[in-house]
Amino acid sequence: MSKHLIDLQNISKSFGNHLVLDEMNLYIRENEFLTLLGPSGCGKTTTLRIIGGFESPDVGKVIFDGVDITHLAPNKRQLNTVFQKYALFTHMTIAENIAFGLKIKKKSKSYIDDKIKYALKLVNLEEYGNRYPESLSGGQQQRIAIARAIVNEPKVLLLDEPLGALDLKLRQDMQYELIRLKKELGITFIYVTHDQEEALTMSDTIVVMNQGYIQQIGTPEMIYNEPENAFVADFIGDSNIISSTMIRDELVEILGVKFPCVDTGFGENKPVDAVIRPEDVELIKLPDDFDIATSEYNSSVDSNGFEQIGRIQGVVTHLIFKGVHYEMEVMANGFEWLVHSTSMFAVGSKVGINVDPFNIQIMNKPESEDEEAAPIEE
Amino acid sequence: MKSNKFVKMLSIPYVLWAVAFIIIPLLMVFYYGFSNKEGKFTFTNILSIFQAVHFKSLYLALLLALISTVICILLAYPLALILSSMKGKNDHLIVFIFILPMWMNFLLRTLAWQTLLENDGVINNVLQFLHLPTLHIINTPAAIVFGMIYNFLPFMVLPLYNVINKIDQNTINAARDLGANYWQTLFHVIFPLSIPGIISGITMVFVPSLTTFVVSEMLGGSKILLIGNVIEQEFTQNSNWHLGSGLSIVLMIFIIISMVITSVFDKEGEGNAL
Numbered sequence: 001m002s003k004h005l006i007d008l009q010n011i012s013k014s015f016g017n018h019l020v021l022d023e024m025n026l027y028i029r030e031n032e033f034l035t036l037l038g039p040s041g042c043g044k045t046t047t048l049r050i051i052g053g054f055e056s057p058d059v060g061k062v063i064f065d066g067v068d069i070t071h072l073a074p075n076k077r078q079l080n081t082v083f084q085k086y087a088l089f090t091h092m093t094i095a096e097n098i099a100f101g102l103k104i105k106k107k108s109k110s111y112i113d114d115k116i117k118y119a120l121k122l123v124n125l126e127e128y129g130n131r132y133p134e135s136l137s138g139g140q141q142q143r144i145a146i147a148r149a150i151v152n153e154p155k156v157l158l159l160d161e162p163l164g165a166l167d168l169k170l171r172q173d174m175q176y177e178l179i180r181l182k183k184e185l186g187i188t189f190i191y192v193t194h195d196q197e198e199a200l201t202m203s204d205t206i207v208v209m210n211q212g213y214i215q216q217i218g219t220p221e222m223i224y225n226e227p228e229n230a231f232v233a234d235f236i237g238d239s240n241i242i243s244s245t246m247i248r249d250e251l252v253e254i255l256g257v258k259f260p261c262v263d264t265g266f267g268e269n270k271p272v273d274a275v276i277r278p279e280d281v282e283l284i285k286l287p288d289d290f291d292i293a294t295s296e297y298n299s300s301v302d303s304n305g306f307e308q309i310g311r312i313q314g315v316v317t318h319l320i321f322k323g324v325h326y327e328m329e330v331m332a333n334g335f336e337w338l339v340h341s342t343s344m345f346a347v348g349s350k351v352g353i354n355v356d357p358f359n360i361q362i363m364n365k366p367e368s369e370d371e372e373a374a375p376i377e378e
Numbered sequence: 379m380k381s382n383k384f385v386k387m388l389s390i391p392y393v394l395w396a397v398a399f400i401i402i403p404l405l406m407v408f409y410y411g412f413s414n415k416e417g418k419f420t421f422t423n424i425l426s427i428f429q430a431v432h433f434k435s436l437y438l439a440l441l442l443a444l445i446s447t448v449i450c451i452l453l454a455y456p457l458a459l460i461l462s463s464m465k466g467k468n469d470h471l472i473v474f475i476f477i478l479p480m481w482m483n484f485l486l487r488t489l490a491w492q493t494l495l496e497n498d499g500v501i502n503n504v505l506q507f508l509h510l511p512t513l514h515i516i517n518t519p520a521a522i523v524f525g526m527i528y529n530f531l532p533f534m535v536l537p538l539y540n541v542i543n544k545i546d547q548n549t550i551n552a553a554r555d556l557g558a559n560y561w562q563t564l565f566h567v568i569f570p571l572s573i574p575g576i577i578s579g580i581t582m583v584f585v586p587s588l589t590t591f592v593v594s595e596m597l598g599g600s601k602i603l604l605i606g607n608v609i610e611q612e613f614t615q616n617s618n619w620h621l622g623s624g625l626s627i628v629l630m631i632f633i634i635i636s637m638v639i640t641s642v643f644d645k646e647g648e649g650n651a652l
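Chain order of the listed sequences is L and R.
The numbering of the first sequence is my numbering, which starts it at 1 and goes up by one.
The numbering of the second sequence is my numbering, which starts it at 379 and goes up by one.
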């Protein structure tokens with residue numbers, strides 16, 4: 001494990017009466033691509049601005065490479081920021097924009113010229129040095145903003161929703177571009193976004209935040225496959241979050257039906273949340289004259305009949321074609337299941353539902369107000 | 379296009395207004411300026427600017443207008459910086475206070491300065507009371523500059539405040555982020571980006587200062603003649619509309635020159651910031 005480059009210790013920050021960050025602790029390793037992910041108002045941007053030096057925390061310390069920089073001015077920090085909406089200097093050419101930091105540091109002209117050339121090449125905009133920012137597209141401007149930051153050879157690059165203003169296609173291209181840059185530069189990236197897909201694509205580590213608290217820290221796989229609470233599960237991708245009862249280890253009762261699972265240690269007859277990703281719901285076509293109400297296999301774990309008719313039976317209520325898969329909603333035992341499947345089941349058709357034990361993720365119910373999942377702003 | 383026609387109809391009153399109150403008077407000024415009392419074409423009125431008394435009044439007017447404008451920038455720029463850094467905390471109130479005097483009549487405001495600056499006026503009374511030496515300000519060019527600055531400062535503050543306030547905070551943060559300290563950020567980023575505001579401020583202070591005759595008459599006595607006073611006297615006292623118009627045309631030329639110069643600075647400012 002590489003060493004901690006940045007340590008946030010016990011950071012709290014409020015604006016007026018509004019607590020934005022509450023006793024946050026977080027470390028960032030050298031050469032890590034770390035993403036702060038959460039809905040607007042979760043404190044992710046404030047965290048970034050505290051690291052950048054544009055806000056100072058009410059309480060707590062920022063340690064950079066072993067040195068306390070909590071109250072150091074932004075121009076004295078060994079990191080650079082790529083701002084939302086680019087923040088290029090509109091009165092300067094692209095080359096002058098890139099040269100800004102180096103001229104301030106009084107580097108020689110030949111050094112600066114070399115750096116400009118290098119940076120423009122790195123972001124694939126070699127011919128644009130003499131243009132003004134307003135003549136460039138949004139994606140090009142953002143690449144210049146990145147070039148302007150990295151010529152200063154920062155140890156850390158802070159990126160504040162840098163792709164937020166771009167359209168979908170461009171955003172995807174830029175994601176690959178950023179991953180490539182990260183590899184070529186070999187520096188630490190701290191990235192702020194509310195876009196879970198962006199976070200999953202690029203990050204080494206994702207920090208999911210909500211209402212000033214860190215909800216979960218982990219690799220994209222961990223965050224996606226093993227969300228720690230309903231907020232994370234809900235925020236990262238689509239999922240079915242169903243209020244359930246943990247009967248005993250490796251057995252959970254979902255909507256009145258017992259499902260085998262792999263989770264242990266929750267105790268007996270404990271209320272929990274079961275999270276099932278839509279792509280993990282398996283559907284079985286049932287005959288049209290199947291009587292759901294009297295299905296004899298309901299709530300019987302031991303019977304092998306579930307392989308033919310599913311553990312729960314229901315009716316398809318919605319069907320949308322999404323390209324790679326069909327998105328369906330199935331009404332079963334009073335719950336609307338979200339299902340992604342490559343096979344199509346027409347609206348009105350009767351289906352049985354099965355879930356592999358490995359694909360049921362059990363989570364503790366939120367205990368206090370603070371941990372409760374906040375509604376997600378769309 | 380029906381709506382197009384309607385819009386054209388709407389513009390007719392404004393066209394009539396412009397012709398009646400701007401274009402025709404302007405043509406009349408040109409007619410009088412280039413003719414003598416017999417109605418014959420002549421350059422005499424224009425060339426009379428080179429007479430010592432006229433030339434001196436134009437020179438003084440340019441000088442005082444320039445001084446007032448420079449002082450207005452020096453006073454207004456820091457104020458605009460402070461106000462824009464307040465961002466929503468009382469900044470509107472302070473702008474309002476600075477604009478408040480504009481609600482009063484221009485003549486009354488200037489008259490007030492007369493009573494303040496007089497040899498036996500409020501300021502000297504206070505100085506006397508404090509056993510300090512009294513000042514002779516009234517009827518000096520300094521008094522005129524005082525009056526100009528007081529009357530025209532809001533016209534410098536407003537455009538500067540507007541333009542600086544509109545600079546994206548992240549642009550300023552970006553400069554800081556790239557290693558610039560406060561003064562470097564001010565010099566390399568904020569100042570170049572605020573040039574449009576400076577230009578409109580200059581236009582709105584320099585032009586009225588250059589052409590004023592009220593301020594110079596009330597605070598300069600009748601001893602100090604600016605070009606505005608000379609023109610006014612030709613129209614009112616000497617009833618020589620020809621000379622008055624001729625000098626007006628010369629003044630207009632100087633205003634146009636000053637605007638051309640500022641617009642050139644504007645263009646240069648866009649390219650050569652560093």
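Derived by calculation from the structure, the hints in this document are not laboratory data.
One or more hints might be untrue.
[To be verified] In the DSS-like style, the derived pairs of lysine-lysine whose C-alpha atoms are separated by at most 27 Å in a straight line are:
| no. | chain 1 | residue 1 | chain 2 | residue 2 |
| --- | --- | --- | --- | --- |
| 1 | L | K107 | L | K121 |
| 2 | L | K85 | R | K467 |
| 3 | L | K270 | L | K285 |
| 4 | L | K103 | L | K117 |
| 5 | L | K3 | L | K183 |
| 6 | L | K3 | L | K85 |
| 7 | L | K155 | L | K115 |
| 8 | L | K85 | R | K601 |
| 9 | L | K76 | R | K386 |
| 10 | L | K169 | L | K183 |
| 11 | R | K544 | L | K85 |
| 12 | L | K103 | R | K544 |
[Unchecked claim] Partial pick of chain L residues on the chain R-facing surface, computed with a CB cut under 8 Å:
| no. | residue |
| --- | --- |
| 13 | Y27 |
| 14 | N80 |
| 15 | F83 |
| 16 | Q84 |
| 17 | F89 |
| 18 | A95 |
| 19 | F100 |
| 20 | I104 |
| 21 | K105 |
| 22 | T205 |
For glycine and all other residues, C-beta sits at the position ideal for the given N, C-alpha and C.
Verification of the hints:
no., hint, verdict
1, L:K107 with L:K121, "holds, 20 Å"
2, L:K85 with R:K467, "holds, 25 Å"
3, L:K270 with L:K285, "violated, 33 Å"
4, L:K103 with L:K117, "holds, 15 Å"
5, L:K3 with L:K183, "holds, 18 Å"
6, L:K3 with L:K85, "violated, 32 Å"
7, L:K155 with L:K115, "holds, 17 Å"
8, L:K85 with R:K601, "violated, 59 Å"
9, L:K76 with R:K386, "violated, 60 Å"
10, L:K169 with L:K183, "holds, 22 Å"
11, R:K544 with L:K85, "holds, 15 Å"
12, L:K103 with R:K544, "holds, 26 Å"
13, Y27, "violated, 22 Å"
14, N80, "holds, 6 Å"
15, F83, "holds, 4 Å"
16, Q84, "holds, 7 Å"
17, F89, "holds, 6 Å"
18, A95, "violated, 10 Å"
19, F100, "holds, 5 Å"
20, I104, "holds, 5 Å"
21, K105, "holds, 6 Å"
22, T205, "violated, 23 Å"
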